[in-house]
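Student: Sequence:
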Amino acid sequence: MLKQRIITALILLPLVLGAIFYLPTQWFALVMVIPVAVAAWEWANIMGLEGQPSRCGYALLVVTGLALEYWIKLDLVLAFSVIWWSLAVGLVRAYPQKIALWEKVPVQGLIGLLLLLPAWWGLVVLHRQEDGSWWLLYAFLLVWGADTGAYFAGRTFGRRKLAPAVSPGKTIEGLLGGLVVVAIIAVLVATQTEALNTVGMAWFMVVSLVAVLGSVLGDLVESMFKRHRGIKDSSQILPGHGGVLDRIDSITAAVPLFAAGMLLLGAFH
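The numbers in the sequence shown follow my numbering, run straight up by one, and end at 269.
Bear in mind the hints are in silico, worked out from the structure with no lab data behind them.
Being a predicted model, the structure only gives us computed values, none of them experimental.
Some hints could be false.
[What the hints assert, rightly or not] List of simulated lysine-lysine pairs, DSS-like, C-alpha gap at most 30 Å:
{"hint": "1", "residue 1": "LYS170", "residue 2": "LYS104"}
{"hint": "2", "residue 1": "LYS3", "residue 2": "LYS232"}
{"hint": "3", "residue 1": "LYS3", "residue 2": "LYS73"}
{"hint": "4", "residue 1": "LYS73", "residue 2": "LYS232"}
{"hint": "5", "residue 1": "LYS161", "residue 2": "LYS73"}
{"hint": "6", "residue 1": "LYS232", "residue 2": "LYS98"}
{"hint": "7", "residue 1": "LYS170", "residue 2": "LYS98"}
{"hint": "8", "residue 1": "LYS3", "residue 2": "LYS104"}
{"hint": "9", "residue 1": "LYS73", "residue 2": "LYS170"}
{"hint": "10", "residue 1": "LYS98", "residue 2": "LYS161"}
Put together the whole structure using the sequences plus the hints.
Tutor: In structure tokens:
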């Protein structure tokens, strides 16, 4: 399993970095449709759609939504993401008592749109900025740094469960460890960027930390829906890693929240 994970990562990482740093934004946006479409296909399984025609149909619906938001340049979709993730906090806290609020297939289908459409547009918004490739890398570093900090802090100090009904392995101490790592990353990056001229150190830190809290929530939300469905991975399309959605669940929240915050503060256009 570890060998498979390493091989898959060694194949995917250069492809992702190449797309981020060497493609113009319009081509980057087009390439990013592929993982989002696969994630939509996986989400269709999580929400209980049986059979490939139904799952592919849902993926086609999501791709159509991506085309529409690119055509009309809909930054407003990021506001919907902020609203959704604010509501998602309550859903995770209420699990499993309030399953009836979202267990119907149409509701889960809408939630899938709120997960994937803003995430893709957030990638586009970050990439279209001056030094956009580096902003995207920073957003990914926030997620990876938080995961790494949470892993080591959780293993060393973890006592209090963060969301035991959803993800028993996550602890409050792990979350705090992740936030400490992210704060260090944010300070180091802030000293090298002109964005501080617009937003200031304090607001840059706030936006970065909110994005990371969102990344944790993104992981918890996918875990909640998979637990309800009774599956461990969204698919087996990535050997050793599960599905695409399993790899990007944190990013579906972190990227749109970070992009929305920077747009709101006037640092992005």
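Student: Take the hints in turn and mark each one as holding or not.
Tutor: Going through the hints against the structure:
1. LYS170 to LYS104: Holds. LYS170 to LYS104 sits at ~27 Å (cutoff 30 Å).
2. LYS3 to LYS232: Measuring from Cα to Cα gives roughly 20 Å; hence the hint holds.
3. LYS3 to LYS73: It is violated: about 42 Å lies between the C-alpha atoms, which goes past 30 Å.
4. LYS73 to LYS232: Not OK: LYS73 and LYS232 at ~36 Å, beyond 30 Å, violated.
5. LYS161 to LYS73: 41 Å, violated
6. LYS232 to LYS98: 21 Å, holds
7. LYS170 to LYS98: 21 Å, holds
8. LYS3 to LYS104: This hinted pair is violated, its Cα atoms lying about 39 Å apart.
9. LYS73 to LYS170: Roughly 37 Å between the alpha carbons, so the hint for LYS73 and LYS170 is violated.
10. LYS98 to LYS161: 20 Å, holds
Hint check: violations occur at hints 3, 4, 5, 8, 9; the rest are consistent with the structure.
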